[in-house]
Amino acid sequence: MNDLLKFITCGSVDDGKSTLIGHILYDSKLLYADQARALELDSKVGSRGGAIDYSLLLDGLTEEREQGITIDVAYRYFTTDARSFIVADTPGHEEYTRNMAVGASFADLAVILVDASQGVLIQTKRHARICALMGIRYFVFAINKMDLVDYDQARFDAIAEDIQALSEELGLSHVTLIPVSATEGDNVTKKSANMPWYKGPTILGELENVDVAAEKETGFVLPVQRVCRPNHAFRGFQGQIASGRIQVGDTVVTLPSKEKAQVKSILVAGREADAAETGQPVTLCLTKEVDVSRGCVLVDDAAGLQVSSGVSAEILWMDDAPLTPGTGFFVKLGTKLIPGEVTAIDYKIDINTGAHEDAEGLKKNEIAAVTLRFADNVVVDTFAHHQNLGEFILIDRVTNATAACGVVTEVAKEAWKETTINPELRRLQKGQNAITVAFPLRREGITEGLIQDVEKRLYHAGRHTYLYKPNFEDAPNVVRHLNRAGIIVLLALDTDTVPTEKFAEIPGFLAGWEDKTALTAGAIADFILEQSDLDLAASAAYREPAILI
Amino acid sequence: MANLSHLDALEAEAIYIIREVAAECDNPVMLYSIGKDSSVMLHLALKAFYPEKPPFPFLHIDTTWKFREMIAFRDRMAKEKGITMLTYTNMDGVRKGVNPFDYGSAYTDIMKTQALKAALKKYGFTAAFGGGRRDEEKSRAKERIFSFRNEAQAWDPKNQRPEMWQLYNTRLHKGESIRVFPISNWTEKDIWEYIRREHIEIVDLYFAKERPVVYRDGNIIMVDDDRMRLNPGEKPEMKKIRFRTLGCYPLTGGIESDADTLDKIIDETLAAVESERTSRVIDHEETGSMERRKKEGYF
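Listed in order, the protein sequences are those of chains V and Z. By the UniProt record's numbering, the letter at position 471 of the first sequence is numbered 471, and the numbering carries on one by one without gaps. By the UniProt record's numbering, the letter at position 132 of the second sequence is numbered 132, and the numbering carries on one by one without gaps.
Certain hints may be false.
[As the list claims (entries may be wrong)] Derived lysine-lysine pairs resembling DSS-like cross-links, with alpha carbons at most 27 Å apart: (1) K469(V) to K456(V); (2) K363(V) to K209(Z); (3) K53(Z) to K288(V); (4) K6(V) to K235(Z); (5) K364(V) to K158(Z); (6) K209(Z) to K158(Z); (7) K456(V) to K6(V); (8) K235(Z) to K209(Z); (9) K190(V) to K189(Z).
[Claimed, not checked] Short derived list, chain Z residues pointing at chain V, Cβ under 10 Å: (10) N27; (11) Y50; (12) R161; (13) W186.
Don't read these hints as lab results, they were simulated from the structure. A virtual CB, placed ideally from N, CA and C, is assigned to each residue, including glycine.
Make a model of the complete structure from these sequences and hints.
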């Protein structure tokens, strides 16, 4: 079963991105014959020396062909044995940034062209920044025109260092670099004989094999598109599952009305089913009447969603007329359309360098961090947690133009009073994993004095600890309570009093480590710091700290 | 989404779009051309709202020069599926005797483009679904899924609304309308594979069969009724042909083929040496002709 990969190509006019994609299509023999014929005809008019100009395959508008540039996004389709592909070929000019953002919002992966003779330029950074802003998590940097630098590995390595720095700056996680020559066909669809030093995949090989479905969002989320009521007996909620999985009998919560009901039946694309998952168009019937209409969201507890009337967001301004704070809009978020207002421009973000600047207003193609207020509570999350409920557009109330698009970076939590304080939140508050480290006092070199020294070091490193020397049977429960309170327990064990096995079932219990670590306070403290380090991104229940507006 | 098969992903996208229009637009209509893409669109609309019927009517622009089998198929489908099928013909054009033989590209403009504009105006439709696909033609590859038309129903390719994620902006001023293309991202191959997977019924003209034809300017034209004007020396002969695209019979070229089953059609499509619009005579005029016609209000 072939799946579908949507990707975007970015680069400036001279980077050869249209040539690259044209070449993939051409090599894959995917061109229908009459399009190829039209191309040859076009080439006689539009290209140098009568050779086929692959880019003419992609630039579809008359004006684009005349000017030899890409103005708007063009979509192209091809299939290999491994996958079906949709390519959004986008303009690279800064003045067409919004058209590039359109392509980026559509794609799972970005192929960013870098001219090997020029290296990472301002525009490379701009393209990567826009793609990251719009939610792309997979990046392929095609280091093009390697033929012009004699296929030199040192040149490639130097560019790779710059891209590494860029990736760190933008927080890009899945990054692949491939040296290519789009005009010569090196590493486009076939391994290049000119670069034996390069062992990685070709562009097409990478596109065929990359798995972009790896990162899943938590919990079940169904933004309701419409209510289906063909007769009095049937009432179904229709929409596309944004995250998670649902099956008949599951409990769902309605937002914002907060009612609970069970799933009575599921239709997937109009057909009866027992279960449904992310991406599928469904109709859900529930066991009882609930207050749900378009714009409401059906969720489960694991989704951890709340309602709010305000967010912090990063927006890309796309309208010809500038933005001034205090302007009202219609906000479309998920399936909800609601009046809203940009109350403040917190700072402008230089689209090329990422530098923050104060700003009174925003011009077309500028990005900024803003504060946004809605006329009522809406179901909203950060873009990072639930993309579908964290992306929005702003619609001008007079012209109806789509004036901006944006992503939520922080939800203003007026609903904080309802939050139950749980071990996860305490861990987050303390910024550590509450582990328990067993110190067998019988072991030569381990003394209470050593454990006290370890605790001092942990304390000064900002960790919350407790040195506990149990002396009664119920000690494991005491340790559990300390862990739930978010505390790292340094357990001084005299095995005669309470045997080690009693603690073995406590989550995060560490024993037997002393054979692999030097028995000095410094080495042990470093070991515990590493073991109790909190990985925020991996923490499922992680939420932005509550703020009040 | 990436874990769905590509057909499931395309189906999900189309259903989402169709539901958005039904939920947000005042008075939508689905254009129905009787072709295979329309058959897929009808099928998607039925699936999107089931067990409800599609909450909008279907509209066929009848030039009076369609294949007879197409009209019979249209009427049967409307009855079997329980949908509202509107038809509209530019009667002024009929009275003036506008026909595909004498009027060239003016025929398409008068009987299709102008008829469509008049029909949308007559019923006050603000959103019209079309079965256009981006793989058909270069200017379509650039068109948004929600494509805006001004009061003159013209397309402005340089000033398209940015379309972000799945957040479609359907807001309109009085007199404006939207053309919506839910299967923009499908290819011809996807259409055929989906027809096979979903057992969608299509007009028999897509399957190879002995039919009376003449060869004219490199095209194979079927002689569907006695209005067909034969040139001196032209004589209809029986040939096993089929059509990859359907329109007005004097303007639709067939291909010689033995593909009389869906599997054979798909095999033939995969090995295609001609992309499908080759057989629509009007696209040949010049590169950019489709873009020009769309600016004038063509679908």
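Now for the hints, and whether the structure bears them out:
{"no.": "1", "hint": "K469(V) to K456(V)", "in the structure": "17 Å, holds"}
{"no.": "2", "hint": "K363(V) to K209(Z)", "in the structure": "61 Å, violated"}
{"no.": "3", "hint": "K53(Z) to K288(V)", "in the structure": "24 Å, holds"}
{"no.": "4", "hint": "K6(V) to K235(Z)", "in the structure": "50 Å, violated"}
{"no.": "5", "hint": "K364(V) to K158(Z)", "in the structure": "16 Å, holds"}
{"no.": "6", "hint": "K209(Z) to K158(Z)", "in the structure": "45 Å, violated"}
{"no.": "7", "hint": "K456(V) to K6(V)", "in the structure": "53 Å, violated"}
{"no.": "8", "hint": "K235(Z) to K209(Z)", "in the structure": "19 Å, holds"}
{"no.": "9", "hint": "K190(V) to K189(Z)", "in the structure": "26 Å, holds"}
{"no.": "10", "hint": "N27", "in the structure": "16 Å, violated"}
{"no.": "11", "hint": "Y50", "in the structure": "4 Å, holds"}
{"no.": "12", "hint": "R161", "in the structure": "5 Å, holds"}
{"no.": "13", "hint": "W186", "in the structure": "8 Å, holds"}
The structure does not agree with the numbered hints 2, 4, 6, 7, 10 stated previously, though it agrees with the rest.
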